[in-house]
Amino acid sequence: MNLHEYQSKEILKRYGVKIQEGIVADSPATALEAAKALTAQTGTKWYVVKAQIHAGGRGKGGGIKLAKGIDEILPIAEKIIGMTLVTPQTGAEGKKVHQVLIAEDVYYPGETPTKEYYVSVLLDRKTGQNVIVASQEGGMDIEEVAEHRPEAIIREYVNPAVGFQDFQARKLAFALGTEGQAFKEMVAFLKSLYRAYEDIDASLFEINPVLKTSDNKIIAVDAKVNLDDNALYRHKDLAELRDVREEDPLEVEAKASDLNYVKLDGNVGCMVNGAGLAMATMDIIKLSGGEPANFLDVGGGANAKTVEAGFRIILKDPNVKAILINIFGGIVRCDRVANGVVEAYKKIGDIKVPIIVRLQGTNAQEGAKIIDESGLKVFSAITLKDAAERVKEVLK
Amino acid sequence: MSVLVNANSRIIVQGFTGSEGTFHAGQMIEYGSNVVGGVTPGKGGQTHLDKPVFNSVKEAVEKAQANVSIIFVPPAFAADAIMEAADAGIGTIVCITEGIPTKDMIAVKKYLSDKNSVLVGPNCPGVMTAEVCKVGIMPGFIFKKGTIGIVSKSGTLTYEAVDQLTKVGLGQTTAIGIGGDPIIGTTTQQAVEMLMNDPETEGIVMIGEIGGSMEADAARWIKENGNKKPVVGFIAGQTAPKGRRMGHAGAIVGGKDDTAAAKMKIMAECGIHVVESPAEIGVTMIEALKK
Numbered sequence: 402m403n404l405h406e407y408q409s410k411e412i413l414k415r416y417g418v419k420i421q422e423g424i425v426a427d428s429p430a431t432a433l434e435a436a437k438a439l440t441a442q443t444g445t446k447w448y449v450v451k452a453q454i455h456a457g458g459r460g461k462g463g464g465i466k467l468a469k470g471i472d473e474i475l476p477i478a479e480k481i482i483g484m485t486l487v488t489p490q491t492g493a494e495g496k497k498v499h500q501v502l503i504a505e506d507v508y509y510p511g512e513t514p515t516k517e518y519y520v521s522v523l524l525d526r527k528t529g530q531n532v533i534v535a536s537q538e539g540g541m542d543i544e545e546v547a548e549h550r551p552e553a554i555i556r557e558y559v560n561p562a563v564g565f566q567d568f569q570a571r572k573l574a575f576a577l578g579t580e581g582q583a584f585k586e587m588v589a590f591l592k593s594l595y596r597a598y599e600d601i602d603a604s605l606f607e608i609n610p611v612l613k614t615s616d617n618k619i620i621a622v623d624a625k626v627n628l629d630d631n632a633l634y635r636h637k638d639l640a641e642l643r644d645v646r647e648e649d650p651l652e653v654e655a656k657a658s659d660l661n662y663v664k665l666d667g668n669v670g671c672m673v674n675g676a677g678l679a680m681a682t683m684d685i686i687k688l689s690g691g692e693p694a695n696f697l698d699v700g701g702g703a704n705a706k707t708v709e710a711g712f713r714i715i716l717k718d719p720n721v722k723a724i725l726i727n728i729f730g731g732i733v734r735c736d737r738v739a740n741g742v743v744e745a746y747k748k749i750g751d752i753k754v755p756i757i758v759r760l761q762g763t764n765a766q767e768g769a770k771i772i773d774e775s776g777l778k779v780f781s782a783i784t785l786k787d788a789a790e791r792v793k794e795v796l797k
Numbered sequence: 189m190s191v192l193v194n195a196n197s198r199i200i201v202q203g204f205t206g207s208e209g210t211f212h213a214g215q216m217i218e219y220g221s222n223v224v225g226g227v228t229p230g231k232g233g234q235t236h237l238d239k240p241v242f243n244s245v246k247e248a249v250e251k252a253q254a255n256v257s258i259i260f261v262p263p264a265f266a267a268d269a270i271m272e273a274a275d276a277g278i279g280t281i282v283c284i285t286e287g288i289p290t291k292d293m294i295a296v297k298k299y300l301s302d303k304n305s306v307l308v309g310p311n312c313p314g315v316m317t318a319e320v321c322k323v324g325i326m327p328g329f330i331f332k333k334g335t336i337g338i339v340s341k342s343g344t345l346t347y348e349a350v351d352q353l354t355k356v357g358l359g360q361t362t363a364i365g366i367g368g369d370p371i372i373g374t375t376t377q378q379a380v381e382m383l384m385n386d387p388e389t390e391g392i393v394m395i396g397e398i399g400g401s402m403e404a405d406a407a408r409w410i411k412e413n414g415n416k417k418p419v420v421g422f423i424a425g426q427t428a429p430k431g432r433r434m435g436h437a438g439a440i441v442g443g444k445d446d447t448a449a450a451k452m453k454i455m456a457e458c459g460i461h462v463v464e465s466p467a468e469i470g471v472t473m474i475e476a477l478k479k
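Quick mapping for you: the protein sequence lines, in order, are chains A and B.
All residue numbers in the first sequence are consecutive under the numbering used here, ending with 797.
All residue numbers in the second sequence are consecutive under the numbering used here, ending with 479.
Derived by calculation from the structure, the hints in this document are not laboratory data.
We treat Cβ as the ideally placed atom computed from N, Cα and C, and that holds for glycine.
Hints are supplied without guarantee of correctness; some may be wrong.
The calculated lysine-lysine pairs, modelled on DSSO-like cross-linking and capped at a C-alpha distance of 30 Å, are [said to hold, decoys possible]:
(1) A:Lys687 <-> B:Lys297
(2) B:Lys355 <-> A:Lys527
(3) B:Lys479 <-> A:Lys572
(4) A:Lys786 <-> B:Lys355
(5) A:Lys527 <-> B:Lys453
(6) B:Lys479 <-> A:Lys625
(7) B:Lys430 <-> A:Lys722
(8) A:Lys572 <-> B:Lys231
(9) A:Lys637 <-> B:Lys297
(10) A:Lys722 <-> A:Lys706
(11) A:Lys625 <-> B:Lys478
(12) B:Lys453 <-> A:Lys786
(13) B:Lys444 <-> A:Lys625
(14) A:Lys656 <-> B:Lys298
(15) A:Lys786 <-> B:Lys479
Covered by chain B, according to a simulated footprint, are these stretches of chain A (three or more residues, beta-carbon under 8 Å) [stated by the list, open to error]:
(16) 422 to 436
(17) 522 to 529
(18) 574 to 586
Which chain B residues stay away from chain A? Per the calculated CB distances, all over 12 Å, these [said to hold, decoys possible]:
(19) Asn194
(20) Asn243
(21) Gly470
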């Protein structure tokens, strides 16, 4: 599950991580109030108005603006709230901005120059350990840094038996070139950060940039926190932070029906049992000259109800020109799935796009017979190859 | 021969009396697997499916000489169940459970590092030695005894591969469903190694998906060890967008190295017969065996 920047920062703060302070607002009027309250709290005279969407690269799309005084808050907030923000991560359609974070100015001048760093925490799948990734190249796209200057990236692995040790925090803080008060702050920052990561069952922390202020504080200026969906059952408070406005409406609807659905941009919808076979089916669609319109795994217990729910969601996507249902009946019987397809088809009625049903496994022949004798505009297939051929035909 | 499970496997089911455990234990017994009992803490001494129920894995090992365990307990308790099985000295632990938190699996992986147990899964369809022993949820009827071993991250895609093999006349030794989570016990490479070392296995089907580097690691190992047996490979998710989780918790493209295209390229360079279409697995194996 993804969180907004302001939610991520609130969590980090709870664990003692210093952050760029801010107050979230959902209208220009409340943004102004937020700015006043923030000045009372921090004394800041300048503000950063930051669009809150689940995507990075917001600055490049015009979603982050500096307000050099309280008078500039209203016009900037008016412009950002409600805008459709297009960034390198949103895709061409962009994302609508519902909220802004009014944040304090942390780049004020002082005794030493400011400096930006990059810090993230994530799982290293190869070793089965968490790893802290840090770099002095803060504020940059880390993948680009990794590609062109791999030596600029530092990694520290956490032994699960003992956890993140103080010496590791010091090692990182030294490698990042901090000294004096900033060094002490960096060590404390990293320790608190890792404690938060473990405690909330996160799957990714990306703090970019981490800032050394001119008075040698170390703070998180931005924060991206992803949570492990499998662990949400033990973090009910965090599960409530989900913002469905950031998700595709069809994905939200599918989730409510316990379907695993990901919306894509293609023209052939698909419904499959099992995640691996679902991905493979998408690949088959592409090889047959189409583009997959979605990923949809109906799980182990495909029945009339799940098939109907799946149909309804796929059919709401106007780009869909054909649907491929691909079920490998192991425990689930193909004749039952076939009956489910026929039932759902009749119930929904008036389906304009051709449907190809590929049933293989337990009672596959019986299933194909039910489809063929239904009199509906549904094509049956038994092998994957047949199914691919059928997709080719209907796309002609 | 075969790998991991065979006629000598003495199997217990953890989460025996739950609905999943009951159903699949029944299917395993029907297939001929030697299920010697099950574990449900607090229900020890009872009988279920005509087999004894034990309070702990340790008791099952002592009283029924169990050496294989299959786990159906819910995600919140599954990590504990795996560690209990390892502590009791179970040799092969197969965890079917989907949805175990990553933090729990990090602890499990560490715990197993100095134990003699092999963990398969979690979030997997189990292990099947054709016509001999089923420790999992795979449909038995599609399998036929033969010479091809299968390693796969996915359930139904494994069935697809097995079905194609059977239909082109190639039977199987053992199919190992290694699971689709970011942290799993047996890796693709370890499973491939087992099959390479199995004298009855003559060819290997290796099915992977986007995310992680396990398939690439296995491919390099295969090349370094002289491509002793033909391997047919497929990677699901050629059309998956970056950064989106495709069903499996581990199926997510993170960077440029864990895409389907990148993995398929490395596999092909390492001498694996890579198929673009999952419909070609069976026929490609026939061709590969001729060479």
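### Message
Going through the numbered hints above, which ones does this structure break? Give me the numbers in ascending order.
### Response
Of the numbered hints, 1, 2, 3, 6, 8, 11, 14, 16, 18, 21 do not hold.
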